[in-house]
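Based on these hints, arrange chains B, C, D and E with the ligands on the given structure of chain A.
Protein chains in written order, with our numbering: chain A, 1 to 328; chain B, 1 to 352; chain C, 1 to 251; chain D, 1 to 229; chain E, 1 to 306.
Certain hints may be false.
[Stated by the list, open to error] Result set (EDC-like, lysine to aspartate or glutamate): computed pairs, CA atoms no more than 16 Å apart in a straight line:
no., chain 1, residue 1, chain 2, residue 2
1, B, LYS59, A, ASP26
2, D, LYS74, E, GLU179
3, D, LYS74, E, ASP187
4, B, LYS59, A, GLU27
Honestly, the hints are just simulated from the structure, not real lab data.
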Amino acid sequence: MKRAWVANVALICMLPVVAIWASMADEPFIITLATKVAILALAGVGLNMALGQGGLVSLGHAAFFGIGGYAMGILASHAQSYTPLLEWPMLIEGSNSMPVIWLLALVSSGLAALVIGALSLRTNGVYFIMITLAFGQMFYYFSISWPAYGGEDGLAIYMRNGFPGLNTLVPLHFFGLAFAVLLVALALATLIGRSPFGLALNAARQSSERVETAGIRPYRLQLTVFVLSGMVTGLAGALFADLNRFVSPSMFSWQTSGEIMVFVILGGVARLCGPLAGAALFILLEQLLGGISDYWHIFLGALLLLIILFARGGVMGLIAGPGERAHV
Amino acid sequence: GMITTLSGGGASLGIDVRDGFMLAVEQSGNTDIEVVIEDDQRKPEMAVQIADKMIQSEKVDVLTGIIWSNLAMAVVPSATAQGKFYLSPNAGPSALAGKGCHANYFNVAWQNDALHEAAGAHATAEGYQNSFILAPNYPAGQDALTGYKRTFEGELSGELFTKLGQTDYAAEIAQIRASDADSVFFFLPGGMGISFLKQFADNGIDLPVVGPAFSFDQGILQAVGDAALGVRNTSQWGKDLDNETNAAFVASFEEKYGRLPSLYASQGFDTANLLLSAMASADVSDQEAFRAALKAADFDSTRGDFAFGSNNHPVQDIYVREVIKEGDVYTNRTLGVTLTDHGDVHAADCAL
Amino acid sequence: MSEVILAAVGISKRFDALQASRDISLDLRRGEIHALIGPNGAGKSTLIQQIAGRLKPDAGRIVLEGRDVTALDTAERARLGIARTFQVSALAMEDTALQNVVLGVLGARGGAYRMWGNALARGSLRDRAEQAVARVGLTNMATTRASALSHGGRRQLEIAVALALDPKAFVMDEPMAGLGTSGSHDLTELLSGLRDEAPVLMVEHDMDAVFALADRISVLVSGEIIATGTVDEIRANSAVRRAYLGEEEGA
Amino acid sequence: MSLLTLAHGSAFYGATQALFDVSLDIEQGEVLALMGRNGMGKSTTVKSICRMLPLASGELRFNGRDIRTLASHKVARLGVGLVPEGRRCFRTLSVRENLQATARPGDWSQNSVTDLFPRLGERLGQSAASLSGGEQQMLAIARALMTNPQLLILDEATEGLAPLVRQEIWAVVARLKQRTGLAIIVVDKSLKELSNIADRAVVLERGTSVWAGAMNDLDEQIVGRYLGV
Amino acid sequence: MSPVLIAEQVLNGVQSGVVLFLMAAGLTLVFGVMGLINLAHGSLFMVGAFAAAGVASATGSFLLGLVAALAAAAAAGALVEVLVLRRLYAREHLDQVLATFALILIFSEGVRWVFGSFPLFLDIPTALSGTVSLPGGILYSRYRLALIATGLVVALGLYLLIAHTRIGMQVRAGASDREMIAALGVDIGRLYTVVFALGAALAGLAGALVGAIQSVQVGMGEPVLILAFVVIVIGGIGSIKGAFIGALLVGLTDTLGRLFLPPLFALFMDSSAAATVGSSLASMSIYVLMAIVLVLKPSGLFGART
Ligand SMILES: Nc1ncnc2c1ncn2[C@@H]1O[C@H](COP(=O)(O)OP(=O)(O)OP(=O)(O)O)[C@@H](O)[C@H]1O
Ligand SMILES: Nc1ncnc2c1ncn2[C@@H]1O[C@H](COP(=O)(O)OP(=O)(O)OP(=O)(O)O)[C@@H](O)[C@H]1O
Ligand SMILES: [Mg+2]
Ligand SMILES: [Mg+2]
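Just chain A, with the same shape it has in the complex (with noise of 0.2 Å):
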């Protein structure tokens, strides 16, 4: 326990050391992945809420990152074009705050996992990984041919949105803002991991029956992390949308889906920094691997299955040993 602790802890102060260290050496690309690093290790940690946590292997987490960079798309693009957004039954402006783009962007995607858990949560095991992957896949052949926010090409926003006291462009304050909403995910994910909700929910993804005898019903258990879980992984939609300056149905991909999921199991399924330790081994592979060759996608799929075969528990299960299922 207490090696893992450190190797959190180590992990953790990393990101903010090599973005430090890049903003003084002025190499602005290394700020930017690991701004790229923290984003997606969020939408990771979101990932592991449900999966887990809750035991519900989620291959549509796509939608809800895809929600929440639309949330940031579609408000930041009104504001710059100074059309409302609404009219009716109120006047709704955009907006290029980022406080208010994260709030839609959290209240649209906990409701979209709300539907969507609802629905998948009526099924279990391997339904229910290829009906989240189904609904994933939903919304991103509905936001390619729904023409109102670009479609396939997407929306370019030219300017980053900003927030109250930072100015975003400069990379390491945005790195910084990235970085924060992270830790903030991560305590959220400890407070709730040693929670009696947390307690009844780790039981619910072991024995159902168990936590239905005991009063609990699970069904509302997991659809409460799921929705937490959409939520987190919206609200880093929403920063990876500002990172790029950009969102695309891309985002909505099966594949995106599959690469956070990616990071969560490459770090360590249910660990705490599991999705951080995935995502910054991910980016740094594809950083190397892109450079050595045209084909590295067969590098990094025959690197991951070595990883799943011989790694278990991932890279934290290397760092910090096999030990407990910890708590997230």
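Below, chains B, C, D and E with the ligands alone, put in the same frame as chain A:
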């Protein structure tokens, strides 16, 4: 800096653009130019990230290479806003030609509508009265149909949007058969076009088909086979265009890479030559001068005459080609010009 | 006659061609252990499941302390005080014994949706759980994971979770299953003390345990109750002997 | 020569050792009782014999042939029929399919096992998951018989059965014993029944066989000491 | 809209359903029966198509191409099963998802490495090209009719194999308790390899058959894979019958949705907008279908579990 698609679906286009581009660079013998190439995997996020990297870390001056409109939309506005030049070797979304045009953005290929407009014009010239038109349901597809309708003077007997990435067109073909159309226009890039043509040919419908060059490109034709023979398509380039530059290009490309060049290769080649011509007369660090040098378009294009319109998009001739078989290889023969010195309608919206 | 805590009234259930419960009425009274015995496939587990809420009866009612609970689901019934244990232990195997029991307390008291605070922090939640653990004699195994407990240990733990629910009635399906002679013996003692807490409805094939524990016995054959009575009455009942006990056990 | 010999067997679950030194052997036509309190390693011994768990050391022979490293299915095909602890019927299969899936030719057929357990005959089309506990137990026994084994292993085969059926099963075991050839290893908690039926017994204590001998020689003292009665 | 057109579209729906069935059947076998979630099933589809295209263009024989597709996909399947998947049966679905995701990466780039990035050519055999006229004046592609027939034969054969043979029973038994079936004398390892190869061969067959009327290119498998998932969810995992009915439902919903939705919207919108909106919704129709089935029957139409 070149951002292009080298892996995954659609990699063939990126590879052709790259090969065409590098051929020109090599032939020029110019050593001042340093090309960094990265693979965007056809993912907009990836393209944005690479652009950031090229601009921030590698400090490139000029970006190019993007194949797809959606990736261009993701990269171009922010790159030009950061004072970089972008030369498009493919993809000309209307937003970047109209309101979103930028002094540092030059399109060396075409505005997206151009080939569709040419197809419409061709159909009109052939005297077709009733066209059945179809395209995937995404912005480029919607633009395609709009473009065709802009120049086609007959009636439409049907208008269909298919799913992006759709591979089975039996349902659409049945509708075409059931309609009273006398011609078919389609815009289905990549694998979609291959599927459509094969299935269309197998269905024994005897209607003339027109389409933009994308579905009849050198790389794709071999996969379509006989089904494509005789089909008319519109393009700003053809391998048999009669000019010196082109002949030299086709010969040297074939020699170097062992395959016939495609439309995309020609565009990559032209893009590089445009860049080289500008570098010859101005220094990149002098933005004004370099911009003017680019705008002059003082290079020998594989398509013959080439000039930039007010919105930095090409003003060029568009040809009609026909698919033929040369020995074992399927390729295109140019039949003639359908639109002369064609610009685009979006230029009117451009503030430049 | 003492007060009826839990009652099944006119329960019927059919699976396709098979009538698993035929108009079954049965009551469980304060302070008693009521054993339900009967041949394999008679419909005992089916009845238990209808009482606990896992299956819906085709006809009939389940009444808990005068309240009709037929329309409620398992979780609601559990909250109202029906504590069920399973034949094959259903526990959160990766969790410790104490965590399993805390779950029961949470169910009974509410608060399963509280997302802050430590579930295992000292306080009334934990005290209550520790009491239940102590009741079944698992105190020194409290921090052992359920997966590492022996078969008998898991049985005890199931009962501790049920105890933590502060139930009105226990409903147990074959609690002795899989326990060796000595294990059965220990559990018999534990169950015997349980009846003061709340009455126990128990399905069991271990006749030694049934005869040692039961205040009353009901015999279910082919979905019907053919007899209800004290141990002696049932032993002496020739129909029960023929259908279930055989001569030897009955004697 | 013994039909089956296990000598000085030891085995592990992951890193924890469950068997330390277990020896037993059984002749054709013999009934051997494997005894011991909960968790002493009876089922683990059974699993080792069926090669569901590797033996870390020791000797394992069937009909003189070394089967220590043989795959589980090959051991079964040599003639070892298992009724596992916890029944483990194939839940998604019907009763008939459970019987047929692994049947091998021999005296036992679907007809003869349903004669033995008429209730199974009535439930042939029903899925195993919906059978009552006792019915599943009958199915597990019938399924093992349908493989026509030379050695039948019954691990807690009477668990959860009604007294009458239990008696019936013991009667069946007695009948099987009389048929020449079939050897049976029985694990059960009912000492009384075992002493009626078994020829010999092996007693396990913490993963070690501590006593072996004729059933009749099993005295009060050993019973009290090792079986906790 | 003429009845002939509608009839023809129904045939089209059935035909695309049949192709989906070939995919879904392999998936559902592997899923329901072996308890393994295999995202790389689409890659086997692709392998089949490429093998068929490669061999057909080298030998000029479509039939040889089909044989090659079956063989290559089965071999790839068996290889993957032996090297990777058999270590994952006991693992959580999560590990399986990730491992097979990794396999997709390897397969896709591997095929691109071998065959290059350009689409390959595979044509309909001349004997089956062109159309036939069916009763009622319907002109229908001969090849597509042959597809329907192939699918029906495979469906029947599979159903019999799984539901009514001992092999089928053993495979299903293995799904519910792998260790136990081995202890009763069945070489479950080999059986699973065979089943997996069979599922792979079906996917390869589908790939080859479809490759003749579509483009054979890298990444062609994943869209079909996701549709096959939808089919399985609708039909119920592990049920060949469910896969069949589900596939037909999805095929028909998709085809007819594309046919009817745009004109439906044209009733109250202008035709261009109706075409856009209608086809947007049509592309989601099968997911809506899936959601409806789920609400009514969470374990699919023919699923065993609840
Ligand atoms: N879902 C179901 N579908 C069909 N039949 C069922 C179902 N559930 C149970 N049965 C049948 O109903 C009968 C009663 O089963 P039940 O499990 O209640 O028996 P039981 O009395 O508990 O037996 P045992 O003592 O052996 O556990 C059995 O014959 C069983 O096969
Ligand atoms: N899968 C397992 N993993 C780890 N330990 C195990 C496992 N199965 C059994 N054990 C341990 O091995 C020891 C022997 O168990 P085994 O099941 O062989 O006992 P048994 O004599 O059959 O007992 P019972 O009468 O309860 O069936 C026990 O301490 C048990 O906890
Ligand atoms: Mg029962
Ligand atoms: Mg045992």
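Taking the hints in turn, this is what the structure says about them:
{"no.": "1", "hint": "LYS59/B x ASP26/A", "in the structure": "12 Å, holds"}
{"no.": "2", "hint": "LYS74/D x GLU179/E", "in the structure": "13 Å, holds"}
{"no.": "3", "hint": "LYS74/D x ASP187/E", "in the structure": "8 Å, holds"}
{"no.": "4", "hint": "LYS59/B x GLU27/A", "in the structure": "11 Å, holds"}
Checked against the numbered hints given earlier, this structure breaks none of them.
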